[in-house]
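Q: The listed protein sequences correspond, in order, to chains X and A. For the first sequence, the numbering used here begins at 4 and goes up steadily by one. For the second sequence, the numbering used here begins at 39 and goes up steadily by one.
Note that these hints are calculated values from the structure, not bench results. The structure displayed is predicted, hence computed values, not measured ones. Incorrect hints may appear among the rest.
[What the hints assert, rightly or not] Distance condition first, Cα-Cα at most 27 Å in a straight line; then the derived DSS-like pairs of lysine-lysine: (1) X:Lys72 x X:Lys88; (2) A:Lys229 x X:Lys88; (3) X:Lys155 x X:Lys80; (4) X:Lys62 x X:Lys80; (5) X:Lys135 x A:Lys246; (6) X:Lys85 x A:Lys229; (7) X:Lys72 x X:Lys85; (8) A:Lys71 x X:Lys145; (9) X:Lys155 x A:Lys265; (10) X:Lys155 x A:Lys246; (11) A:Lys212 x A:Lys223; (12) X:Lys154 x A:Lys156.
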Amino acid sequence: MDNSSILKLIRTTEEKEESISLIKSLLENNYKNRLTAEFESSSPFLGNLWNYISSKITKFEGNRLEIEKYLNSVLVKIQDQKTLKITLAIKPSGKLVDTITNWAQKNLSEEIIFDIEVDPRIIGGAIIISNKGEFADFSLLKKIDNIFSSKKAEILQ
Amino acid sequence: MINLSEITPINIFFAWLSLVSITLFLWITFTLKRTHQKIKDIKELEEKKWKDLEDSAQRDYQEIISAANKKAQEIILRSTEIRQESLTSLQDSVNELMKAQNEAIKEISSAVSDKYEKLASQINEDNIKLLINIYKDIESSAKLDFAKYRQIIQKQTFEAEKIAEQRIKEEYEKLEIEIREARGKRLEELKTNINNIILNISKDVISKSLDISDHEELIIDALEKAKKEEIL
């Protein structure tokens, strides 16, 4: 069973939480699609996710056991997804989230989701903390501080 | 009733004996009483006689005392008169003696006075000479001491001046260092403040000048670097 497509839909930790909540809700409500309208109206992401899941469920032709098996496997996969913590200077738009997600899918060997924090003090760029706990400050604040520290004498002349 | 058959010679004898005894007892009692009265009378008489004798002796004693007093007064009177006479004579003798003694003392005193006057004059002269010598010694000694003190004071003053000068120099140097340090610190603070101001302005300006595409570019650049540094 290939679950990689559904994982590509999930880009951030917020979306991960929403996905987990949706799947748990489906399992509790006997996989009924009566919540469709509610999901679609709450966020475009949930609408897309629901469309994807419902198309998969339809293929099982009401086999509850298979459906439950499928949903549980998706749930496990989502929960096991690796996270990359990234701090940005601005609140990212959907387009920006898409851009960095696409970059990750193209450049990284495994599926990751972004745990995004916003801190305007960093001015620009990003501070990255990997899932191994490695820290890298590629912010503009750091660059400017470095420049001012190294060229303080010149600046003050 | 007396039974006649009981009257026997023995009984009669006892009755007679009893009568005789009672009579004898009464006679003895009477005799004793009379003797006692006699003794009492004799005692009273004797006391009276003693009293008369005492009165008589008292009277005699008074008379003797009175006579003796009178005699004594006469003797005293007589002796007072004699003493008055003797005193007058004695006073005259004493006066004469004192007059003679005064004259003798005057003569002796005059002789002694001359002798002691000369002696006192000599001692006085000697003392003056001695005092003059002592003053000269004191003067020369004081001059010498003064010179020494002057030297010591000059030396001490010179050393104190030197020490003070050294201390002032040290304090001045210390103060100079402190001022230099404070100035350096202040300047450093000022530079840091200026640097921070410029930095904050720069940050503000750069932050405002960045648009979404710049941010996107910077973020992708950061991810590229993280990958390059094998953080991802």
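Q: Of all the hints given earlier, name the ones this structure violates by number, lowest first.
A: 1, 2, 3, 5, 6, 8, 9 and 12
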